[in-house]
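Undergrad: Make a model of the complete structure from these sequences and hints.
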Amino acid sequence: NELRLVPGDELRLRYSGGTSHPAWQSVGHVIKLTAQEEVALELRASQGVPVELNHGFSVDFVWKSTSFDRMQGAMKTFAVDETSVSGYIYHHLLGHEVEHQIIRNTLPRRFGAPGLPELNASQVLAVKSVLQKPVSLIQGPPGTGKTVTSAAIVYHMAKQGQGQVLVCAPSNVAVDQLAEKISSTGLKVVRLCAKSREAVSSPVEHLTLHYQVRHLDNSEKSEMHKLQQLKDEQGELSSSDEKKYKALKRATEREILQSADVICCTCVGAGDPRLSNFRFRQVLIDESTQATEPECLIPLVLGVKQVVLVGDHCQLGPVIMCKKAARAGLAQSLFERLVILGVKPFRLQVQYRMHPCLSEFPSNCFYEGTLQNGVTVNERQSSGIDFPWPVPNRPMFFYVQMGVEEISASGTSYLNRTEAANVEKIVTTFLRSGVVPSQIGVITPYEGQRAYIVNYMSRNGSLRQQLYKEIEVASVDSFQGREKDYIILSCVRSNEHQGIGFLNDPRRLNVALTRARYGIVVLGNPKVLSKQPLWNSLLTHYKEHECLVEGPLNNLKQSMVQFQKPKKIYNDRRLFLGGGQGVIQGSAFGTVGSVDKRSGRGKGLCSYNLMTCISIFVDNGSLLSPLIHPSFHQIRTPICSIWATKWGSQTWCAPIRLSFSSHAFSSISWVSTFSTLRNSNPGIPAWTHWSCSGGASTC
Numbered sequence: 001n002e003l004r005l006v007p008g009d010e011l012r013l014r015y016s017g018g019t020s021h022p023a024w025q026s027v028g029h030v031i032k033l034t035a036q037e038e039v040a041l042e043l044r045a046s047q048g049v050p051v052e053l054n055h056g057f058s059v060d061f062v063w064k065s066t067s068f069d070r071m072q073g074a075m076k077t078f079a080v081d082e083t084s085v086s087g088y089i090y091h092h093l094l095g096h097e098v099e100h101q102i103i104r105n106t107l108p109r110r111f112g113a114p115g116l117p118e119l120n121a122s123q124v125l126a127v128k129s130v131l132q133k134p135v136s137l138i139q140g141p142p143g144t145g146k147t148v149t150s151a152a153i154v155y156h157m158a159k160q161g162q163g164q165v166l167v168c169a170p171s172n173v174a175v176d177q178l179a180e181k182i183s184s185t186g187l188k189v190v191r192l193c194a195k196s197r198e199a200v201s202s203p204v205e206h207l208t209l210h211y212q213v214r215h216l217d218n219s220e221k222s223e224m225h226k227l228q229q230l231k232d233e234q235g236e237l238s239s240s241d242e243k244k245y246k247a248l249k250r251a252t253e254r255e256i257l258q259s260a261d262v263i264c265c266t267c268v269g270a271g272d273p274r275l276s277n278f279r280f281r282q283v284l285i286d287e288s289t290q291a292t293e294p295e296c297l298i299p300l301v302l303g304v305k306q307v308v309l310v311g312d313h314c315q316l317g318p319v320i321m322c323k324k325a326a327r328a329g330l331a332q333s334l335f336e337r338l339v340i341l342g343v344k345p346f347r348l349q350v351q352y353r354m355h356p357c358l359s360e361f362p363s364n365c366f367y368e369g370t371l372q373n374g375v376t377v378n379e380r381q382s383s384g385i386d387f388p389w390p391v392p393n394r395p396m397f398f399y400v401q402m403g404v405e406e407i408s409a410s411g412t413s414y415l416n417r418t419e420a421a422n423v424e425k426i427v428t429t430f431l432r433s434g435v436v437p438s439q440i441g442v443i444t445p446y447e448g449q450r451a452y453i454v455n456y457m458s459r460n461g462s463l464r465q466q467l468y469k470e471i472e473v474a475s476v477d478s479f480q481g482r483e484k485d486y487i488i489l490s491c492v493r494s495n496e497h498q499g500i501g502f503l504n505d506p507r508r509l510n511v512a513l514t515r516a517r518y519g520i521v522v523l524g525n526p527k528v529l530s531k532q533p534l535w536n537s538l539l540t541h542y543k544e545h546e547c548l549v550e551g552p553l554n555n556l557k558q559s560m561v562q563f564q565k566p567k568k569i570y571n572d573r574r575l576f577l578g579g580g581q582g583v584i585q586g587s588a589f590g591t592v593g594s595v596d597k598r599s600g601r602g603k604g605l606c607s608y609n610l611m612t613c614i615s616i617f618v619d620n621g622s623l624l625s626p627l628i629h630p631s632f633h634q635i636r637t638p639i640c641s642i643w644a645t646k647w648g649s650q651t652w653c654a655p656i657r658l659s660f661s662s663h664a665f666s667s668i669s670w671v672s673t674f675s676t677l678r679n680s681n682p683g684i685p686a687w688t689h690w691s692c693s694g695g696a697s698t699c
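Mapping of the sequence shown onto the UniProt record's numbering: position 633 corresponds to residue 633, and the numbering continues sequentially without gaps.
One or more hints might be untrue.
[Said to hold, decoys possible] Using 20 Å as the maximum straight-line C-alpha spacing, the simulated EDC-like pairs for lysine to aspartate or glutamate come out as follows:
(1) 425 - 470
(2) 531 - 496
(3) 246 - 236
(4) 76 - 42
(5) 243 - 253
(6) 246 - 198
(7) 557 - 546
(8) 195 - 253
Just so you know, the hints here were simulated from the structure itself, not pulled from any lab data. Only a predicted model underlies this, so the values are computations on that prediction, with no experimental measurement involved.
TA: Written out as structure tokens, the structure is:
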């Protein structure tokens, strides 16, 4: 597999020794990566570096355990330290039944914030709701302004006078974006970076702690600055001066952090020793659906009493390299698990990114048709761009490809030469029609195809080579949270029997279809893709709008390719339940009772004493995702079994919560779907409660 470096990575540089120089090694961290594949490394030791040599070096990756140590430490703290989180949040996160709480605060007259765009109705309701609840989930579908909403929430939290607000996200890019937005409201923001990233350029450099330390104007700073200059000139300080320098720097950092209204860092960065003596009552985590649960715990165990998780469980979750860990539940974010447990997320509903025709399918398929368009058709029409869209007022089409997939040179990925050649033709047509390279994004699920497209365009493009180099070609996963004016999606897979691999994940399709602002072109083999129900729906959508085409780009015609409806109905728990294994392992509920003596203790929902089985029957055609024992083979097949407790001689059922949601279609009738609910054991009473709201239902 191809190894990739990012700023902050630690490397060990080694020279084995020779006649001109003795053996040498030093550890450093990456501070810069250039387009020419050059790596700038800042070394810890400056003595004896063989700078006169330019070959004979070896590079080793240095595994850093810092992130894992902090996650493990946070889990331990959560388990044993009663002051780490409030009792209500502790039991809420564990899925215990707790009495609903409302935070009694004086609400602001207006919920917007200075320096931010005016909020729409759903954003206002989200801010208002969050300020009154100890635990809140904000679902931000693509382009709905979740960063602006998050900044407004943080602004009002900071103005409540309950102390500093901690703002986190799993990635440095997301933290920087949010820090910039919050700073524009007039709050004093400090961006805490890992020490290994202090030399890395940042768009919010002026907000970083290390920048503010260097530019603080006081007597201590003057003395520290002199010592720093001495260190730079001599390479190192005497032990007494080094001790003095570190003490002055720590005191200065503490002073700056204490004076901040808001501290922003990554989730792992919240475990930085510089924050060890800080307590944060209010914590907001952006992109929380892309963070693992242990990662989210790091900022939460710093005394949180009010937590806001922002994300979208209908998009891709955290990246877990170990399949065993993913199967064990690490692939499921805290946000997703809380949704499964019945915590209803507040969904932002107005999207400002996509041309209205581009948002139609994602809205209906993934968000129950609730997304409204905050941009008009006229606002998403590119003036002066002459591109041959098959339907002029619909800047989208599915370009039928019948090329064969191949295994890439690495042996671990796929490529499709036919699709790559047509990607180059589409890119060239865009460039000739007046689109600049920075407006175009080429995405594909496979690294093999990504690398092949880059090389193919560079070698075979009919325009200047530099133009093709400026076009971003990336994986679908790496484009989450990003946007381009025009997106070209290469699907790659084209085979008779092997399936469609990565493309089978509906969340990946959601991400792929929602990156474009002005137009999208999808290249793929409809005969192969249509075997998967969700892709079948997409192809049908394009066909109904006369956007399923084939032929040369200058003479596109509607494709006559036939594809049948899939035999089995849509059933993907990763979409419906938000990934991972769901709340039930095997065929048993684990006990969620606790001996913890924290206030607000909740009671367990069910125990391990498994005796009696309840089955649910649904009519064929339902899009429910089963929690366990999925079997959709025929009409009125039991799709899930819940084992109840037998207590003494009486068979009974403790309170059981079955939660599910459909993000696939808006046409489901929940009432008729459940008119066939049956009880497989007459000794167990029927369901006593049924509720449904916003596509998430509980019985």
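Undergrad: For every hint, state whether the structure bears it out.
TA: Hint check results:
1. 425 - 470: 16 Å, holds
2. 531 - 496: 10 Å, holds
3. 246 - 236: Answer holds: residue 246 to residue 236 is near 13 Å, not above 20 Å.
4. 76 - 42: With a Cα-Cα distance of about 34 Å, the restraint between residue 76 and residue 42 is violated, given a limit of 20 Å.
5. 243 - 253: The given pair, whose Cα atoms are some 15 Å apart, holds under the 20 Å limit.
6. 246 - 198: 16 Å, holds
7. 557 - 546: 9 Å, holds
8. 195 - 253: Answer holds: residue 195 to residue 253 is near 12 Å, not above 20 Å.
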